[in-house]
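**Q** Okay, here's what each chain looks like letter by letter:
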Amino acid sequence: MGILEVKDVNKRFGGLQALGNVNLSVVENSCHAIIGPNGAGKSTLLNCLVGKLIPDTGSVMFDGQSVLGRKPYEINQMGISRVFQTPEIFGDLSVLENMMIPIFAKRDGAFRMHAVEHTENEKEIVDQAEHMLDSLNMADKRHFHSASMSRGDKRRLEIGMCLAQNPRLLLLDEPTAGMARADTNNTIDLLKQIKDERDITIAIIEHDMHVVFSLAERITVLAQGTPLVEDTPDKIKGHPKVREAYLGETA
Amino acid sequence: MSKSNLTRRGLLKTSVVAGAGVALPTIFTASSAAAFTNEPTGGSVTLGFNVPQTGPYADEGADELRAYELAVEHLNGGGDGGMMNTFSSNALQGNGILGKKVEFVTGDTQTKSDAARASAKSMIEKDGAIMITGGSSSGVAVAVQGLCQEAGVIFMAGLTHSNDTTGKDKKANGFRHFFNAYMSGAALAPVLEKLYGSDRKAYHLTADYTWGWTQEESIVASTEALGWETVNTVKTPLAATDFSSYIAPVLNSGADVLVLNHYGGNMVNSLTNAVQFGLREKQVNGKNFEIVVPLYSRLMAKGAGENVKGIHGSTNWHWSLQDDASKAFVKSFGEKYGFPPSQAAHTVYCQTLLYADACERAGTFNPCGVAEALEGFEFDGLGNGKTLYRADDHQCFKDVLVVRGKENPTSEFDLLEVVEVTPAAQVTYEPDHPMFAGGNLGSCNAGA
Amino acid sequence: MDAIILQILNGLDKGSAYALIALGLTLIFGTLGVVNFAHGALFMIGAFCAVTLSKILTLSFETVDETRTDFLGNPLKVKTPYVEAWFGPETGGMLIDWAVPLAILFSIPIMIGIGFIMERGLIKHFYKRPHADQILVTFGLAIVLQEVIKYFYGANPIPTPAPDALTGSFDFGVLLGFDPNAVIYPYWRLVYFVFAAIVIGAVFAFLQFTTFGMVVRAGMADRETVGLLGINIDRRFTIMFGIAAAVAGLAGVMYAPINSPNYHMGMDFLVLSFVVVVVGGMGSLPGAVLAGFLLGVLESFASMNEIKSIIPGIDQIIIYLVAIIILLTRPRGLMGRKGVMED
Amino acid sequence: MLGLNKKDTTLLIIVAALTLLAPFILNPFPADSALAQFNAGYPDLMQRFVIFGIFAIGFNILFGLTGYLSFGHAAFLGVGSYSAVWMFKLLSMNVIPAIILSVIVAGLFALLIGFISLRRSGIYFSILTLAFAQMSFNLAYSVLTPITNGETGLQLTLNDPRILGVSATADGSIPVTNLFGIEMRGTYEMVAGPWSFQFNTGYYLCAIIMLLAFYLAVRIFRSPFGMMLRAIKSNNTRMSYTGLNARPYALAAFVISGMYAGLAGGLMASMDPLAGAERMQWTASGEVVLMTILGGAGTLIGPVLGAGFIKYFENIFSKINDNVLHSWFSFMPDGLEDAMVALVYPFIGKGWHLTLGILFMLVVIFLPGGLVEGGQRIMRAFKRRKPDETSSETTTEPAE
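Chains as they are written, first to last, in full-length UniProt numbering: chain A, 1 to 251; chain B, 1 to 448; chain C, 1 to 343; chain D, 1 to 400.
Derived by calculation from the structure, the hints in this document are not laboratory data. It is possible that part of the hints are untrue.
[To be verified] Which bits of chain D does chain C cover? Going by a derived footprint, with three or more residues having C-beta under 8 angstroms, they are:
1. 40 to 49
2. 131 to 139
3. 252 to 265
4. 364 to 370
[Said to hold, decoys possible] Away from chain B, derived, C-beta distances all over 12 angstroms, residues of chain C:
5. 79
6. 109
7. 162
8. 183
9. 306
10. 322
[Unchecked claim] 25 angstroms max Cα-Cα, derived DSS-like pairs, lysine-lysine:
11. 309/B x 55/C
12. 79/C x 336/B
13. 308/C x 309/B
14. 406/B x 79/C
15. 331/B x 77/C
16. 331/B x 79/C
17. 195/A x 237/A
18. 282/B x 406/B
19. 308/C x 201/B
20. 89/D x 123/A
21. 308/C x 336/B
22. 406/B x 308/C
23. 141/A x 52/A
24. 6/D x 141/A
25. 331/B x 194/B
26. 55/C x 77/C
27. 195/A x 241/A
Beta carbons: idealized from backbone N, C-alpha and C, even for Gly.
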């Protein structure tokens with residue numbers, strides 16, 4: 001029984017079958033990659049997991065509880081964090097503030113009217129945030145206007161913000177898309193480090209095979225909205241159907 | 001705030017220390033050295049002219065301002081003296097008021113009660129105005145009148161036609177020279193009967209706010225007294241610009257007269273629309289369909305253009321009147337500005353003269369003394385025949401004009417012709433008339 | 001029944017004005033992404049084009065008529081328009097009479113010119129600025145434009161009648177078998193409706209069938225991609241702004257005989273036209289037109305006595321009430337696209 | 001001090017000094033000089049400065065922090081005014097119950113409208129708020145006249161019950177608003193040489209309330225709640241994927257700013273007991289938007305500056321007439337004097353709208369951050385001239 005169980009999920013957009021009978025089981029504390037050609041339904045699947053879309057049929061269980069019908073913020077409060085294809089951070093806020101917000105959310109829940117406390121007096125939160133920034137090697141950038149940082153730094157910050165909540169499941173949507181080689185490698189190192197240091201489950205959607213094969217313990221190949229195969233990276237590499245459906249095309 | 005202010009403040013502080021000993025309380029306070037609000041102490045006295053300078057009534061306001069400047073000029077002995085020469089009271093000398101030179105400040109009411117009060121307050125608090133006058137709507141008049149009562153200055157209302165101004169909202173410090181909705185009804189009814197007979201069915205379109213309602217009530221009452229039937233009364237939103245959907249059903253309602261209880265832009269548009277729909281060429285119940293606009297002004301008639309031709313209404317005054325006073329006023333106004341004055345200009349000119357005259361007769365600027373001099377004052381020679389400022393409600397009673405849009409105007413000003421001058425007696429009502437009930441003048445307030 | 005037909009006619013007519021203004025507003029918003037609070041002022045300037053032309057045509061010289069006197073008792077100066085003197089009273093009178101339709105020709109180059117100047121001189125610098133800044137600057141511009149008009153033309157409405165041949169009204173009811181006088185409708189309003197339909201049709205045809213239109217439509221859908229294709233989209237957008245200004249101006253020119261133009265008529269329409277655009281869906285041209293007609297018709301129905309007697313004051317709020325209901329049930333208006341103006 | 005850091009404390013002290021010394025600062029010209037026209041230190045305008053300051057500060061909590069642009073905030077101000085006047089009519093002329101009621105009623109009204117309007121964002125939200133406010137205005141002007149007294153505005157009369165007070169004073173006038181007996185209209189005039197300064201009780205009450213409101217706004221800006229509001233503006237998506245529910249945050253900000261507007265409305269009625277429907281019109285809502293943007297949205301002091309700027313023009317420039325102009329330029333030769341008057345005339349008096357419109361455009365074109373940015377530029381230019389030990393700014397405080 002995995003921490004995330006997707007059963008018979010179907011999703012149609014008008015005449016298009018975006019997801020057809022998807023079954024997926026992500027084992028706790030593993031790194032599971034979902035790959036597939038463009039339009040295979042990877043993003044649709046991800047959106048079904050975090051409450052942005054609701055599947056037409058099927059079930060999505062996280063740690064024994066259904067996520068369906070819950071709002072994104074409720075699902076996050078259950079322990080699922082998501083990293084976006086283009087980094088979604090609070091661009092108008094400083095790096096430190098970006099890091100404090102998820103910590104507040106973890107401590108206070110979805111809403112709390114703390115309008116008279118002074119942010120600077122929230123010692124415990126500030127400390128945690130600074131500690132987190134330290135561990136990301138971003139301590140020197142804490143007062144930066146976050147929108148003005150490089151894409152790699154934004155990605156790092158975003159991952160850090162997700163980790164600051166101690167999620168049980170981290171969802172990554174093409175975390176290295178559009179990145180320079182060096183930034184990609186940094187990101188891979190960061191993710192490896194996270195995997196090693198924490199009890200965390202990672203599900204990753206990725207185009208870049210280098211990233212996938214460096215991180216994933218299991219891989220699901222999606223094509224036309226349906227899982228083609230699911231196996232270990234080594235097996236996937238040699239799988240004829242996969243080569244035909246996916247790797248062949250992009251090679 | 002920039003740095004220079006800080007240094008200036010330092011400077012001020014020292015001078016304050018030097019002058020702190022002469023601090024004295026004034027204005028709006030219960031205990032004061034002055035006898036009344038803004039008692040003029042120097043060689044001049046300041047009047048506050050509060051007229052709409054922006055918004056839809058800006059042209060009317062501009063005309064009021066012209067008349068005020070003319071009145072001030074005459075009071076100070078300049079110009080040809082205008083109606084001061086025809087005014088039955090001879091108290092005014094042409095040397096200002098009570099020997100003090102008349103000065104004035106102006107403000108913008110924006111035709112909003114709030115803005116009008118703000119502007120009046122600034123004249124009282126900042127410029128030391130002893131009297132406030134002007135305005136182009138009843139809402140503003142009532143609001144400013146209330147303020148003047150509270151502040152202890154005299155308010156000489158400008159253009160305000162609602163019954164409420166001297167009815168339920170009357171105030172001891174406020175005076176109205178302009179006529180009102182009841183008078184419009186009383187003056188119009190006999191003329192309408194003569195023209196259109198006593199068997200008519202009327203359809204009212206009414207601007208949906210206080211003035212519109214009092215006018216509708218007045219006109220309905222006086223036409224029903226003739227035997228007319230009121231088919232329907234429909235309220236139109238103030239913000240309406242296109243009245244087609246209110247006008248279209250009129251023809252089919254069985255009515256043969258349309259009464260437009262609108263003023264300003266509303267009136268221009270509703271009349272234009274009514275004419276567009278061809279109402280005037282129609283026959284209903286075997287009679288010609290007619291349109292009546294109870295409150296007319298020349299500026300509005302100008303806005304409606306050709307559409308006013310042959311349409312009847314009432315007005316406070318018109319420049320084509322041939323009495324000496326009107327001729328004198330038209331002459332001095334026309335020579336100064338190049339065109340004849342509007343009724344708004346006439347009203348505020350009269351109000352300024354009446355106030356100055358009352359001060360002279362009372363021998364004081366004290367509002368209570370001035371009010372006493374105005375109450376029950378009977379005069380002539382200001383263009384509307386014999387006039388009474390009634391003590392009970394501070395309303396003027398004078399002749400009311402019934403006018404008609406002229407068929408063949410000779411100039412751009414020659415838009416209305418006087419059909420009948422309704423004598424004051426015919427438009428006079430009891431002070432406790434139900435349409436004016438509910439108010440209380442209270443007692444005069446001299447402030448200070 | 002006749003009352004309903006009458007109100008539908010009224011509604012279509014009001015809707016024509018709303019639709020024309022909203023169409024221009026949406027063009028500017030959709031192509032340039034600019035919230036133009038000065039659009040009402042463009043409508044107003046259009047109406048004043050008609051006023052100006054009729055003033056030009058009635059420019060007069062004065063002759064003194066000793067037999068008559070003016071209000072001061074001086075000999076009356078009689079004005080004769082130059083055009084009547086040049087072309088004879090007949091042709092001259094006809095020119096003056098047809099001032100409003102002639103103003104259509106007169107206004108198009110003026111409005112396009114104003115549009116160009118506005119876009120190149122001001123709006124261009126605000127593409128990348130927040131919507132709040134765009135609102136502030138265009139609102140400031142609207143105030144300036146209307147104050148300039150007020151300075152030259154005064155605050156009073158200026159009557160600008162339709163040609164004699166097109167005044168008067170037409171008995172529709174007889175055609176449909178009702179009693180005479182049941183459904184009458186002014187000719188000029190019919191003209192306005194037809195005119196609006198032609199202008200709307202022309203704008204759609206232009207966008208649909210010309211290369212220019214195709215590029216602009218692509219630009220509305222995704223500005224960056226079209227920019228990458230190397231097409232000079234900015235210049236096309238400038239032209240689009242000119243066209244939007246012209247549409248607003250034409251709406252104003254033809255509106256002049258319906259209600260005498262005054263300097264603040266643009267502000268009266270501004271809020272309403274924004275409501276129309278949003279109800280139609282930001283960035284959707286058919287939505288703007290549809291919403292214009294819909295709100296016009298509903299407003300007319302709400303002013304019927306039968307309805308007002310059930311819900312007092314409904315005609316005061318109907319537009320806003322409908323806007324609220326539509327926005328709550330259809331999050332992006334009637335035909336709005338996702339992601340437009342939601343940040 | 002007061003739970004603020006040094007910078008904010010300095011700001012608060014400056015604002016306090018400016019407001020408390022306003023009677024001096026706003027009357028820099030001797031009363032008899034030609035420039036006295038530009039003096040703004042009379043009670044009514046000073047009251048308006050701080051009252052609209054409160055309105056704009058509140059509006060900025062919503063717009064400046066969350067980015068939700070409400071086009072219907074004047075409705076709350078109007079509702080606040082009506083509540084206060086009704087309190088004067090029914091209960092007593094003491095301003096405290098009136099102000100409390102106006103804040104509560106405006107808060108409830110904001111809760112209702114905010115709850116519905118916040119279901120949408122962006123311009124859809126703006127139009128929803130606009131629609132609600134316009135409905136309120138139109139109804140207040142017409143159908144609701146029994147409650148609002150329509151066109152004329154709700155006024156006090158000699159027949160009001162005033163349970164805890166008197167319907168009319170002994171000399172037959174309407175009693176005046178007071179704070180436990182201290183009359184709001186009481187003014188003391190201090191004459192210092194050619195200058196005269198007016199100290200008005202009502203103004204000082206408003207000023208103190210504005211300082212409290214400003215202090216509260218600073219606290220909100222610097223609190224975690226304020227940070228969450230800025231987060232909504234910055235990235236709503238990240239907000240919800242961080243486990244935060246943006247809706248109650250935005251609603252809380254909406255209600256708080258509605259209560260500020262109600263407070264402003266209540267104070268307005270306390271200074272001058274009349275509540276007119278025009279206060280709710282869209283132009284009034286637009287005015288507070290303009291004040292905030294003009295001053296600098298999202299900054300603490302900007303909205304107050306913007307409010308002062310617009311009210312100054314409305315009340316001072318509109319009162320300059322051609323006579324005043326002639327007196328200014330009277331030192332010139334006749335022809336030149338007339339030319340100068342003709343040149344300036346379109347921009348003053350009835351042309352004050354034109355001046356305001358031009359200034360809107362100039363400010364937004366040249367000072368994208370509003371008047372606050374203008375101030376910052378001056379400060380920076382000032383600093384650059386002096387050798388400065390502080391490092392040049394690498395980051396600008398987002399909220400400042």
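**Q** All the hints need checking, so say for each whether the structure fits it.
**A** Verification of the hints:
Beta-carbon proximity to chain C at under 8 angstroms applies to 0 residues in the stretch 40 to 49 of chain D; the threshold of 3 is not reached and the given coverage is violated. Interface restraint, the stretch 131 to 139 of chain D with chain C: holds (6 residues with C-beta to C-beta distance below 8 angstroms; minimum three). Counting residues of the stretch 252 to 265 of chain D whose beta carbon lies closer than 8 angstroms to any beta carbon of chain C gives 0, which falls below the threshold of three, so the coverage claim is violated. Figure legend: the stretch 364 to 370 of chain D, annotated as covered by chain C; annotation consistent (3 residues with Cβ-Cβ distances under 8 angstroms, at least 3 required).
Not every Cβ of chain B is farther than 12 angstroms from the Cβ of residue 79/C; the closest lies at roughly 9 angstroms, contradicting the non-interface assignment. With a least beta-carbon separation of about 27 angstroms from chain B, residue 109/C lies farther than 12 angstroms from that chain, consistent with its non-interface assignment. Non-interface call for residue 162/C relative to chain B: violated, since the shortest CB-CB distance, roughly 8 angstroms, does not exceed 12 angstroms. Against the 12 angstroms criterion, residue 183/C falls within the reach of chain B, whose nearest CB is about 8 angstroms from its own CB.
Non-interface status of residue 306/C relative to chain B is broken: a Cβ of that chain comes within 12 angstroms, the nearest being about 10 angstroms off. The claim that residue 322/C lies off the interface holds: its Cβ sits roughly 15 angstroms from the closest Cβ of chain B, which is beyond the 12 angstroms cut-off. The hinted pair formed by residue 309/B and residue 55/C meets the criterion: a straight-line CA distance of about 21 angstroms does not exceed 25 angstroms. Simply put, residue 79/C and residue 336/B have alpha-carbon atoms about 22 angstroms apart, close enough for the 25 angstroms limit, and the pair holds.
With a C-alpha separation of about 32 angstroms, the suggested pair residue 308/C and residue 309/B falls outside the 25 angstroms cut-off, and the hint is violated. With a CA separation close to 18 angstroms, the supplied pair residue 406/B and residue 79/C stays within the 25 angstroms bound. At most 25 angstroms may separate the alpha-carbon atoms for a hinted pair to count; residue 331/B and residue 77/C meet this at roughly 17 angstroms. Proposed proximity of residue 331/B and residue 79/C is supported: the alpha carbons are some 22 angstroms apart, at most 25 angstroms.
In summary, the hint linking residue 195/A to residue 237/A is supported, as the alpha carbons are separated by about 22 angstroms, within the 25 angstroms threshold. Pair hint residue 282/B plus residue 406/B holds up; C-alpha atoms about 20 angstroms apart against a cutoff of 25 angstroms. Distance hint between residue 308/C and residue 201/B is fulfilled; the C-alpha atoms sit about 21 angstroms from each other, no more than 25 angstroms. For the hint pairing residue 89/D with residue 123/A, the CA-to-CA distance comes to about 51 angstroms; that exceeds 25 angstroms, so the pair is violated.
Proposed proximity of residue 308/C and residue 336/B is contradicted: the alpha carbons are some 50 angstroms apart, above 25 angstroms. Restraint check for residue 406/B and residue 308/C: not satisfied, since their Cα atoms lie roughly 36 angstroms apart, outside the 25 angstroms limit. A C-alpha spacing of about 32 angstroms is found between residue 141/A and residue 52/A, which places the hinted pair above 25 angstroms, so the restraint is violated. At most 25 angstroms may separate the alpha-carbon atoms for a hinted pair to count; residue 6/D and residue 141/A meet this at roughly 23 angstroms.
Proposed proximity of residue 331/B and residue 194/B is contradicted: the alpha carbons are some 34 angstroms apart, above 25 angstroms. Proximity of residue 55/C to residue 77/C is assessed by CA-CA distance (about 18 angstroms); at most 25 angstroms being required, the pair is judged to hold. With a CA separation close to 30 angstroms, the supplied pair residue 195/A and residue 241/A exceeds the 25 angstroms bound.
Checked against the numbered hints given earlier, this structure breaks hints 1, 3, 5, 7, 8, 9, 13, 20, 21, 22, 23, 25, 27; the rest are met.
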